[in-house]
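Letter by letter, the chains look like this.
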Amino acid sequence: MVRSGSRAESSLTGGKQVTKRNNILYSQKLAPYIFVLPFIISFCLFFAYPVYSTVIMSFQEVFPGQVTFVGLDNYKELWNPTFFKAVKNSTIYTVLTLLVLIPVPLVLAVFLNSKKMKAKNFFRSVTFIPALISIVVLGIIFRLMFGGQETALMNQFIGLFGLEKIAWLNSASTSMLVLLVIATFRWIGVNLLYFLAGLQNIPHSLYESAEIDGASTWVKFTRITMPLLKPISIYVLTISIYGGYSMFVESYMLYAGNKSPNDIGLTIVGYLYRTGLEKGELGFGSAVGITLLLLTLAITFIQLKFFGMFKREE
Amino acid sequence: MRKRFTFVLSVVLAFTLVMAGCSGNNNSGSSEAGNGGGAGESAGATELSFWTFNELHQKYFEDMAARWNEKNPDKQIKLKGSTFPFEDSHSKLLVALQSGTGAPDLADIELSKFPNYLKGKPQLASLNDVLEPEFSHYVKSRADIYAKEGQYYGIDYHVGASVIYYNTEILGQAGINPDDIKTWADYEAAGKTVLEKTGKPMTTLEVADQWSFWPQVAQLEGPDDLLKVNGEVNLDSPDIIKVLEYQQSLIKQGIAVAAPGNIHHAEEYYGFMNQGGAASVWMPMWYMGRFIEYMPDLKGKIAIKPMPAWSEGAPRSAGMGGTGTVVTLQSKHQELAKEFLAFAKLSVDGNIQLWKQMGFDPPRTDVWDMPELKEANKFTDYFGDGIFNVLTEVKDEIEGVNIGEKTPEVFDAIDTQIVFRALVNNEDPAAVLKEIAAQLK
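Chains A and B supply the protein sequences, listed in that same order. The first sequence begins at 1 in the UniProt record's numbering and counts up by one. The second sequence begins at 1 in the UniProt record's numbering and counts up by one.
Heads up, some of the hints might be wrong.
Here are the simulated DSS-like cross-link-like pairs (lysine-lysine), alpha carbons at most 30 Å apart as the crow flies [stated by the list, open to error]:
#, chain 1, residue 1, chain 2, residue 2
1, A, K76, B, K148
2, A, K279, B, K119
3, B, K140, A, K279
4, A, K85, B, K148
5, A, K76, B, K119
6, A, K76, B, K228
7, A, K85, B, K119
Okay, the calculated bits of chain B under chain A, using three or more residues with CB under 8 Å as the criterion [unchecked claim]:
#, stretch
8, 87-95
9, 111-119
10, 231-242
11, 421-429
Listed next, with one range per pair, are the computed distances between beta-carbon atoms [as the list claims (entries may be wrong)]:
#, chain 1, residue 1, chain 2, residue 2, range
12, B, K192, A, P103, 38 to 48 Å
13, B, R290, A, K76, 55 to 65 Å
14, A, L153, B, V95, 37 to 47 Å
Everything labelled a hint here was simulated from the structure, so no lab data went into it. Even glycine gets a Cβ: it sits at the ideal position worked out from N, Cα and C.
Model the full assembly from the supplied sequences, consistent with the hints where possible.
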């Protein structure tokens, strides 16, 4: 297309110089680069450069008009109980969300994909709508629902079973439960969509031939559905790990700020926000950010290796 | 085939919505609450921008800008105020000052955040030339908290004298006269009576904020506070341990309960208190506004008194909290901004307006006796006349506080660790304070 166009044009004008210019403009070698240029520029501007400058800043003490190199001091300072607590909280949260947000949506997706299921679209929408609710609104509603008063919704609910009121957000285990409930409520529909998309790509013929061979539903699920969903599952797992470790707004909204009793709601990003932005120690905050990056990279790498993603296709 | 296409399309649509949802969050966090301006504009007026986290502060400055324009026809200003959420307003300003661009001319900085802005070379204009002439009739400790190396950088809205609010209805049922409570020991005894006769706690204590703990620490005699005079962490001092032990014993006896919602600014707390949940609460003077706005049913039932003292004759108040308005070095009209700020918050007129419009106890002591402060307003309607008599009574007993580079960290530790662990988890106060003090040193 391109070539014939340029030829037509050059033959029209007939000039040699014009042909040359056209060759550059219509060059097939250059075109792809021009097409990806907007992405490259925005990647460099908004990703590569910030990462680079964060790495540099993590070795500095950054105050207005006073930037000094401090070597590894920021990283040494990370060795403190508050940071460990943040890492612990984020890790527990990530593991728990993985335990809930992979198997449950998977099973629900299989149900929703089944021919016998009625009102599929209705259920699809219902599970997905929570993802559209602003987390700010969600956090405030959950904070009030799980309030410590007898009149709070959840305390009234457990009161029906004769249980004592609980100060939900004041103890580590119950506040983690609340965070988990929020995550489940919000993300189950999204993960379900991923799995549903994966399920619809599995050819029907496989199931039909399995039925002819007399396979039970369970066998079909474990031998056909599960293995063929592997790529999607790994994708969901990867983004869920990252999502878990980068959780911040949920806890920020739940505690109406970055402060929770005994730091039970403090996450790694929360700690970054506290040190870098609230206290203005951008150098130290950068060190926290880089540590988070390395941590998630390492975990993702191990996980991908474990699932054999670096091996060539058999 | 069509079905699959519809499905893909719906997924794409759904994700667009998710993305829209995400960006929505960010916006809702930082949207401007008002554009301000409009106050006495005229051609050739100099535009001054002002950032704050409290809409009332913005309204106050807009009103003062109109007054300024009336008096200074040759130096007209156009105030452009913006109100952001508390945390956003502080981090936005900090980043703007750090990056050297984008800061407003004037900004509000809350006391517990202020030291963050004094790190390195402060990017704020020194206000010594406007402040120093006023010191003879000014609560100087309210300026000292915004100073570094002899330079003053902020002007406060109020003294923030800590007082105690008694629910006279509950105390009446228990047969207690609040004026008989002179010391914290009296207070404890009265609390026992209230608990026995009415079954209600005497007070609530904050377990995730500093407003119950800090006033009691700050009113201690002597120059030390949460920080020592030299800026070192003072949390493990025996006096401070005693304060926490006192609070813990109130909780153990049932005389005090942890504030519903953990803090005195929580919706749960307002509801609890509004229904007569506890007989008293000690908070700074600026807390009056919360009573009027969030606890309307207590109108006419609240008496404001000086706080009990640790021993007879010891100080009964401390200047608590505060917000300093600053002029940034990035401002192109620093001199004008300073003059206007002094007009709004340092002048006699300004200080009268601070009381009239916002119910703040103004930092200028010479206005406290003026007739303007005795006029009826929404505060006297609610709390009765003579609010200022309490203040004049404790005038010489208002203890200053020490603010230093460690202050934000100390408050973080109080809000997230100290009071919660001692008052909710019942850990040993001395052990908690010593552990935290060791961490922060």
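For each hint, the structure was consulted:
Distance restraint check for A:K76 and B:K148: the Cα-Cα separation of roughly 29 Å lies within the 30 Å cut-off, and the hinted pair is therefore satisfied. Between A:K279 and B:K119 the CA atoms are separated by roughly 10 Å; this keeps the pair inside 30 Å, and the hint holds. Proposed proximity of B:K140 and A:K279 is supported: the alpha carbons are some 26 Å apart, at most 30 Å. Taken as a hint, the A:K85 and B:K148 pair is broken in the structure, with Cα atoms around 34 Å apart against an allowance of 30 Å.
Under the criterion of a C-alpha separation no larger than 30 Å, the hint pairing A:K76 with B:K119 is consistent with the structure, at around 21 Å. Straight-line distance between C-alpha atoms of A:K76 and B:K228 comes to about 27 Å, which keeps the hinted pair within the 30 Å bound. A C-alpha spacing of about 27 Å is found between A:K85 and B:K119, which places the hinted pair at or below 30 Å, so the restraint holds. Chain A is given as covering the stretch 87-95 of chain B, and this holds because 5 residues of the stretch bring a CB closer than 8 Å to a CB of that chain, at least three being needed.
Three residues within the 8 Å Cβ limit are the bar, and the stretch 111-119 of chain B against chain A gives 4, so the coverage statement holds. Counting residues of the stretch 231-242 of chain B whose C-beta lies closer than 8 Å to any C-beta of chain A gives 0; at least three are required, and the coverage claim is violated. With 3 residues having a Cβ less than 8 Å from any Cβ of chain A, the stretch 421-429 of chain B passes the three-residue criterion, so the hint holds. Range check, B:K192 to A:P103: Cβ separation about 55 Å, and the 38 to 48 Å hint is violated.
Our hint of 55 to 65 Å for B:R290 and A:K76 is violated, since their Cβ atoms are close to 43 Å apart. At about 38 Å, the beta-carbon gap between A:L153 and B:V95 stays in the expected band of 37 to 47 Å.
Hints 4, 10, 12 and 13, counting from the list given before, are not met by this structure.
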